[in-house]
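Colleague: With these hints in hand, go ahead and build the complete structure from the sequences.
Chains as they are written, first to last, in our numbering: chain F, 1 to 312; chain G, 1 to 295.
None of these hints come from the bench; they were simulated from the model.
Which stretches of chain F does chain G cover? Using the computed rule of at least three CB atoms under 8 Å from a CB of chain G, they are:
id: 1; segment: 83-94
id: 2; segment: 123-136
id: 3; segment: 202-215
id: 4; segment: 255-269
Some but not every residue of chain G turned toward chain F, in silico, with C-beta under 7 Å:
id: 5; residue: LEU36
id: 6; residue: LEU111
id: 7; residue: PHE126
id: 8; residue: LEU219
Since the structure is predicted, the reported quantities are computational estimates derived from the model, not experimental observations. Even for Gly, the Cβ is constructed at its ideal location relative to N, Cα and C.
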Amino acid sequence: MTTLAFTSTLSRPERATAATVRGAVAGAGLLVTVVLIGVGAFLAVAGWPGLTASSSELPLGASNFWALAAPLVFGSVWSAVLAVLIAVPAAVGVALYVTWFAPRAVAGFLAALVDVLAAVPSVVYGLWGLMALAPGLAPVYAWLGEHLGWFPLFAGQPSATGRTIATGALVLAIMIMPIIAAMCREVFQRTPRASIEAAQGLGATRWEVIRLAVLPFARGGIICGAMLGLGRALGETMAIAMVVSPAPFLIGFSVITSANPNTVAAFIAQVFPEAHDVEVSALIGLGLAMFLITFIVNACARRVARIYGEPR
Amino acid sequence: MSTSYRVDWRRRLTDRSMTVVVTGCFVAAMVPLVWLLGTVVTKGLARFDWTFFTSSMRGIVGDGGGALHAIWGTVLITAATVAISVPIGVATAIYLTEYGSGWLPRLIRFLVQVLTGLPSIVAGLFIYALVVILAGPGARSGVAGALALSLLMTPVVITSAEQMLRLVPTSVREAAIGLGAAKHAIVATIILPHAASGILAGVMLGVCRIIGETAPLLLVAGFTDAMNSSIFDSRMATLPVYIYSQWQNKGADLAAYDNRAWTAALVLIGLVLIFNLTSRLITHRFAPAAQGVGD
Chain F
1 MTTLAFTSTL
11 SRPERATAAT
21 VRGAVAGAGL
31 LVTVVLIGVG
41 AFLAVAGWPG
51 LTASSSELPL
61 GASNFWALAA
71 PLVFGSVWSA
81 VLAVLIAVPA
91 AVGVALYVTW
101 FAPRAVAGFL
111 AALVDVLAAV
121 PSVVYGLWGL
131 MALAPGLAPV
141 YAWLGEHLGW
151 FPLFAGQPSA
161 TGRTIATGAL
171 VLAIMIMPII
181 AAMCREVFQR
191 TPRASIEAAQ
201 GLGATRWEVI
211 RLAVLPFARG
221 GIICGAMLGL
231 GRALGETMAI
241 AMVVSPAPFL
251 IGFSVITSAN
261 PNTVAAFIAQ
271 VFPEAHDVEV
281 SALIGLGLAM
291 FLITFIVNAC
301 ARRVARIYGE
311 PR
Chain G
1 MSTSYRVDWR
11 RRLTDRSMTV
21 VVTGCFVAAM
31 VPLVWLLGTV
41 VTKGLARFDW
51 TFFTSSMRGI
61 VGDGGGALHA
71 IWGTVLITAA
81 TVAISVPIGV
91 ATAIYLTEYG
101 SGWLPRLIRF
111 LVQVLTGLPS
121 IVAGLFIYAL
131 VVILAGPGAR
141 SGVAGALALS
151 LLMTPVVITS
161 AEQMLRLVPT
171 SVREAAIGLG
181 AAKHAIVATI
191 ILPHAASGIL
201 AGVMLGVCRI
211 IGETAPLLLV
221 AGFTDAMNSS
231 IFDSRMATLP
241 VYIYSQWQNK
251 GADLAAYDNR
261 AWTAALVLIG
271 LVLIFNLTSR
281 LITHRFAPAA
291 QGVGD
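Modeller: This is how it looks when you write it as structure tokens:
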């Protein structure tokens, strides 16, 4: 209403400018809205022929779309869950170190170092994971296969190249750890002073302060960070596409063999450049499925954040 | 007496061991960083030479060749992405902070959050589906790549610009209103200059996010061995896709392809770090002091 109060005192050309500026910025906002709705609608329209395609038209000669999608969705979820399981404890440790243990003078610098990990492009992670990390882990997988082969995760013939889903999940974990750590750092810093001082006043050691005051307060933030990380890991493409050696239509829980489930995103990147006609539609349909999955995960993350009163 | 001593001793041991565990976590997190940077630098230096920066891959089989076409493609596509997403992003942020009220800003904020979590390959698929309708199947171009990257960069710009615009003190706005300035004049002459450095830092962070993106460019910009200076016409190489394709389509001389991939990775990481550092410097110099940490 203040707007009206003073635009009315403007001269006519000025009023025209004000209206134009208002229209332009509102238009930009509307554009963002239209684009996002367009993403969903377009993918649905372009992917539709793929959903009903027959075996001869689909990539890999899959019997139908769902037979193609199910193992890939499994692979995406499985690798992302593994990555989150590795990344969350590490991220909490890193964030605790930066906020509570590191010398004050270097804490900011150390936090920035962690953020550098998040800035490294995924294709570089892919190259490193495949040429440096995977060969380095191959002996570990051989040992695990020999001594812990009875455990379902380590069943089967260990991969000689190390290009397994375990390596892929580890690379994903390295990529999402800084995101979770940043979230944790933020909530650790906002622990109420009164709780900290109350614990200290009772003679709590540093770890007891963290256990009694910091961690309970930060629970929501940690869950939210983990879900944001999960969303990132689900959509990550190049690292998995380059590191993991996939086997078609595989659903399996062993993490050390050379036959691994593929992920939706990696499969799209690998097959798309040579795909045509209905194959492309099927890949777009897969993309739509992934869009929906990450959308739900991110929505849950925001819901958790709101319940616990965290930012974002 | 003796019991309380033992409890104390145990508590102190727990405290010490947790210190070791937490410090260990941090050290463990630094291992991949050091290992990765070390590998990229040592292997990347093998081909970090004049030829790499002055020639393309046209007609190259085996040794030699370079990434000039990919570097040029990255520069053009990144510039086009910035040209698309900065005006839209900043205008949207201005709308959200200065003009918007009611249901539209709430809807926009929600959609920006959704876009922030959009997997990059889905952005690529979307632009592909759009381009197919406009230009027919099989069309690849630099501008399609820039559009896909804009989908990823615009939310970053909106979020950071909105934060920066909110930091402009109310007293400054009120003083301007008191002088009888019109809203658009306040925005243009007072609020934007006030927030400019913060917005710039956000833009550089956005560039960091998109400059290393591979998947969407692989789908919509494609790959080529030759220079291409027109973003509107035919396939265009970029550094991330160059790395992928050097690894993916190796010729007989394996080492030559690997070395080129590592050197390109070195250049790409260098670019990302430069943008990241500059963004931090700007934030550090111009933003209000950050809050203290921890205890």
